[in-house]
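Colleague: Here's the letter readout for the chains.
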Amino acid sequence: MPFLSKQPDFDFIGNRWYAVAVSLVIVVAGMAMAVARGGLPLGIDFSGGTLMVLEFEQPITEDSVRDALTAVDEKVVQQYGDSGAGILIRLPQAGPEEGTSLEQGAEQVIATLEASGLDGFEVVSRELVGPVIGEELQQRGVSAFVFAMAGILIYVGLRFRFSFGVGAIVAVAHDILVTLALLTIFGYELSLNVVAAMLTITGYSVNDSIVVFDRVRENLRSMRRDEFERLVNTSINQTLARTIITSGTTSFAVLALFVFGGEVLRGFSFTMLVGVITGTYSTIFIATSTAIAITQGRARWRSQAASEHVSASGRSQRSAGPSRSPRAPRSPRSKGRKARAS
Amino acid sequence: MTKNLQWKLLAIIAVAGLAALSVYPPEERIRLGLDLEGGVHMVLRVQTDDALQLETETAAEQLGEQLSLQGIEVTSIVAVDPTTIRIEGVPDERDAEFRQMAEDQLSLSYDRESGAGGSYTYRMRLPVESSLRDESVRQALQTIERRVNELGVAEPIVAPYSVGGDQILVQLPGVSDVARAKEIIRSTALLELKLVEDGPAMSEELLLQTRNGVLPPDMEIVTGTSELLSGGVPETVYYMVRRVAAVTGRDLRNARPTLDEFNQPAVSFSLNREGARKFGEITSQNIGRSLAVLLDGRVETAPTIEGRITDEGQISGTFTQQEAADLGLVLRSGALPASLTYLEERTIGPQLGADSIRAGFIASVSGMIVVAIFMLVYYRLSGVNAVVAIAMNLLILMGFMAYLGAVLTLPGIAGLILTIGIGVDSNVLIFERIKEELRAQKAVKAAVNAGFDRVFLTILDTHIASLISAAFLFQFGSGPIRGFATTLAIGLISNVFTALFVSRTLFEATLSRRRAATLSI
Numbered sequence: 004m005p006f007l008s009k010q011p012d013f014d015f016i017g018n019r020w021y022a023v024a025v026s027l028v029i030v031v032a033g034m035a036m037a038v039a040r041g042g043l044p045l046g047i048d049f050s051g052g053t054l055m056v057l058e059f060e061q062p063i064t065e066d067s068v069r070d071a072l073t074a075v076d077e078k079v080v081q082q083y084g085d086s087g088a089g090i091l092i093r094l095p096q097a098g099p100e101e102g103t104s105l106e107q108g109a110e111q112v113i114a115t116l117e118a119s120g121l122d123g124f125e126v127v128s129r130e131l132v133g134p135v136i137g138e139e140l141q142q143r144g145v146s147a148f149v150f151a152m153a154g155i156l157i158y159v160g161l162r163f164r165f166s167f168g169v170g171a172i173v174a175v176a177h178d179i180l181v182t183l184a185l186l187t188i189f190g191y192e193l194s195l196n197v198v199a200a201m202l203t204i205t206g207y208s209v210n211d212s213i214v215v216f217d218r219v220r221e222n223l224r225s226m227r228r229d230e231f232e233r234l235v236n237t238s239i240n241q242t243l244a245r246t247i248i249t250s251g252t253t254s255f256a257v258l259a260l261f262v263f264g265g266e267v268l269r270g271f272s273f274t275m276l277v278g279v280i281t282g283t284y285s286t287i288f289i290a291t292s293t294a295i296a297i298t299q300g301r302a303r304w305r306s307q308a309a310s311e312h313v314s315a316s317g318r319s320q321r322s323a324g325p326s327r328s329p330r331a332p333r334s335p336r337s338k339g340r341k342a343r344a345s
Numbered sequence: 014m015t016k017n018l019q020w021k022l023l024a025i026i027a028v029a030g031l032a033a034l035s036v037y038p039p040e041e042r043i044r045l046g047l048d049l050e051g052g053v054h055m056v057l058r059v060q061t062d063d064a065l066q067l068e069t070e071t072a073a074e075q076l077g078e079q080l081s082l083q084g085i086e087v088t089s090i091v092a093v094d095p096t097t098i099r100i101e102g103v104p105d106e107r108d109a110e111f112r113q114m115a116e117d118q119l120s121l122s123y124d125r126e127s128g129a130g131g132s133y134t135y136r137m138r139l140p141v142e143s144s145l146r147d148e149s150v151r152q153a154l155q156t157i158e159r160r161v162n163e164l165g166v167a168e169p170i171v172a173p174y175s176v177g178g179d180q181i182l183v184q185l186p187g188v189s190d191v192a193r194a195k196e197i198i199r200s201t202a203l204l205e206l207k208l209v210e211d212g213p214a215m216s217e218e219l220l221l222q223t224r225n226g227v228l229p230p231d232m233e234i235v236t237g238t239s240e241l242l243s244g245g246v247p248e249t250v251y252y253m254v255r256r257v258a259a260v261t262g263r264d265l266r267n268a269r270p271t272l273d274e275f276n277q278p279a280v281s282f283s284l285n286r287e288g289a290r291k292f293g294e295i296t297s298q299n300i301g302r303s304l305a306v307l308l309d310g311r312v313e314t315a316p317t318i319e320g321r322i323t324d325e326g327q328i329s330g331t332f333t334q335q336e337a338a339d340l341g342l343v344l345r346s347g348a349l350p351a352s353l354t355y356l357e358e359r360t361i362g363p364q365l366g367a368d369s370i371r372a373g374f375i376a377s378v379s380g381m382i383v384v385a386i387f388m389l390v391y392y393r394l395s396g397v398n399a400v401v402a403i404a405m406n407l408l409i410l411m412g413f414m415a416y417l418g419a420v421l422t423l424p425g426i427a428g429l430i431l432t433i434g435i436g437v438d439s440n441v442l443i444f445e446r447i448k449e450e451l452r453a454q455k456a457v458k459a460a461v462n463a464g465f466d467r468v469f470l471t472i473l474d475t476h477i478a479s480l481i482s483a484a485f486l487f488q489f490g491s492g493p494i495r496g497f498a499t500t501l502a503i504g505l506i507s508n509v510f511t512a513l514f515v516s517r518t519l520f521e522a523t524l525s526r527r528r529a530a531t532l533s534i
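Just so you know, the protein sequences line up as chains A and B, in that order. Take the first sequence: its position 288, counted from the start at 1, is 291 in my numbering, and no numbers get skipped. Take the second sequence: its position 282, counted from the start at 1, is 295 in my numbering, and no numbers get skipped.
It is worth saying that the hints were derived from the structure and are not from the lab. Here a beta-carbon is modelled for each residue, glycine too, at the ideal position from N, C-alpha and C. Please note that a few of the clues may not be correct.
As the list claims (entries may be wrong) - One side only, chain B facing chain A, incomplete, derived with CB under 7 Å:
no., residue
1, Leu356
2, Ile361
3, Ile375
4, Leu442
Stated by the list, open to error - Calculated from the model, a selection of chain B residues having no Cβ within reach of chain A, i.e. all distances over 10 Å:
no., residue
5, Ala72
6, Phe111
7, Arg138
8, Asp147
9, Arg263
10, Ser297
11, Gly301
12, Gly310
13, Ala404
14, Phe510
All chains should be built: construct the whole structure from the sequences, respecting the hints.
Modeller: Here it is in structure tokens:
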């Protein structure tokens, strides 16, 4: 199959600002929507509350259930699953955790439905989460994310360069923001499963960034004299076939999960789908741009510092190498040697 | 074929065989999580304050008894909160004596916080407090475990939960009658037998009338339901009983469901030796009076004492057969040291779980088919290697999960699909590299070797980074998410083996047969 059989040569780095603009638009739109709705759409796992799925004997519309439940405050009623007879009911609070009152809301719903004559149903699942658990889960979610990021920053920083580590983390942060924005825009709730999917995305996104960084590292050894920006761009192009095939097939597999995975996994698979796409995109544009920006910033800072030192001492002139173009970074190996020497 | 290659192929077949053996038959070998099997997941909090309150009240009571034995009259001795005893109105002239006695009684567990003008405050020492809290959580854990085991649930989980220390996780796979399970777990089952001084009466006021409206300090008023022999409407009735119980659940030896003289379900119990001695003494001294049987502070029945009873008794009330059986169960398993509150409860019906398994299966299979078709079309014969490697990865993954007894959850199925993705990634990385080497005019064998060698570190790096996030996912997660992290981590590790070793060996086997000038890739 003659697909990408020759090495492509797209100017990714040159067009990176367009990509950043697209991401910004999505994130800002998501944020605007979140603000308009009074915060991120937290599911009961995090906010606490009651979630019930009822399966009726006959197909039923959400409106008729909603009408039957007028006496119940602040409920959300949705059609659930593909059978037409499934109804999801959500209540914001699960009661004040005293005694058995956690189930107060759920029991009120059942009693009201039975009283209204809409009775041929079965409760297929019932989840009650008290506010204490919700808060704990929020904290644990955030700390899991922070620790995972720190771990990856350290690992990538050690195996590659510090700037690559930062690049990978910035890309992940970008993916999380974009995913959150899209979840908000498409009306998915943040549940435990969705957070698990987001943590998986962080792994996937870093995985993707590492493949490109790995190629950059390799090229730094052979193409030392090339300008860093061009070198990175070449590396992206060299790994492009792999990037497209991998994210293509993975998103197909995740799409299968989205289509066939049923209602329970819908939020999860949506998050994965978005994550696989932004994870790929952020590697190409965000992770590399960040690494370039840091490398250039450092080179500029160094060459400035070096030129100040030139007049003072001949030794610093040798080690800082002011004759080089400020844009050309040293290969990791020569950098390491220099760091040891100084 | 070289000797070395034969050994490698043999090793691969052996691993595949072991994995298949470990996973077969899958319905028995793969443990399903609650979200797939259906069942109840609960997080409970042990109200450890209850245990402290009991301890402090007992200490206050004992001190009171000692003081009145010595004739030291104080205005009041009260447990004002779970850890504090307050004593007021100690007569000036006996202050020194009081101090001495209070020190003797309390100083092991309590510190004197203040003491002036005949008023004293004692507070429980922190180490005592925390060890009591730990102890009550441990006791609750054991009690719940015993009860759940008697319930006959297969593979229940009863475990400490969260860092806070006072939470307990209970998972009951396959249970759908949540209400009953909760009732059994939660029932504190505090059994007390107390002598009735007055009652039953229709209101508290009626009971107090004969005593000028003041409740004597050694009495308390408890409620019960009027017995329903006449078939009337049940009404709340009040009893005045002695505060100190004659016999409690601690003196119990056994309890079992039975029938009473009206052929109604009841629970009979037998007492241990110490309990029987106390019970015999009390019943022989109080023939003709009533004895209230209290369960969790409520009167279940208040029969008249006909004669001396030593070690057998019966609780009759308005039980159904099921209730009598459950009450027997909770009495046998012992009282909970403290009450429980529910923080979280999830019930998943078995139907929903079965639907999820089916959906997950369809998703995985169709994902795998799409991947296989693509790999075969795009990489032609080499694609076969990739498909074999990925399929073997899934097999090893399932084998390991069966071997470790790891739980497969719904997000775990998603982890399986992600594992397919990871397998594709590694193979694509390798193949693209081989293609690149071929474009650089390398000979086939050299290109294959270079491809694998160059990609080795990349794959290691990507997998370690993913393992780092899987580890934190495991740390963070509860139930289903842990299942996902487990699946992902095992999949990552086995993928290193299949992508780097299995796939490479397959290449070597293909290339060893002929002097290859071209490679189908």
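Colleague: Work down the list of hints and note, for each, if the structure agrees.
Modeller: These are the hints, each one checked on the structure:
| no. | hint | result |
| --- | --- | --- |
| 1 | Leu356 | holds (4 Å) |
| 2 | Ile361 | holds (5 Å) |
| 3 | Ile375 | holds (4 Å) |
| 4 | Leu442 | holds (5 Å) |
| 5 | Ala72 | holds (27 Å) |
| 6 | Phe111 | holds (39 Å) |
| 7 | Arg138 | holds (28 Å) |
| 8 | Asp147 | holds (20 Å) |
| 9 | Arg263 | holds (24 Å) |
| 10 | Ser297 | holds (40 Å) |
| 11 | Gly301 | holds (38 Å) |
| 12 | Gly310 | holds (14 Å) |
| 13 | Ala404 | holds (14 Å) |
| 14 | Phe510 | holds (18 Å) |
The structure fails none of the hints (numbered hints given earlier).
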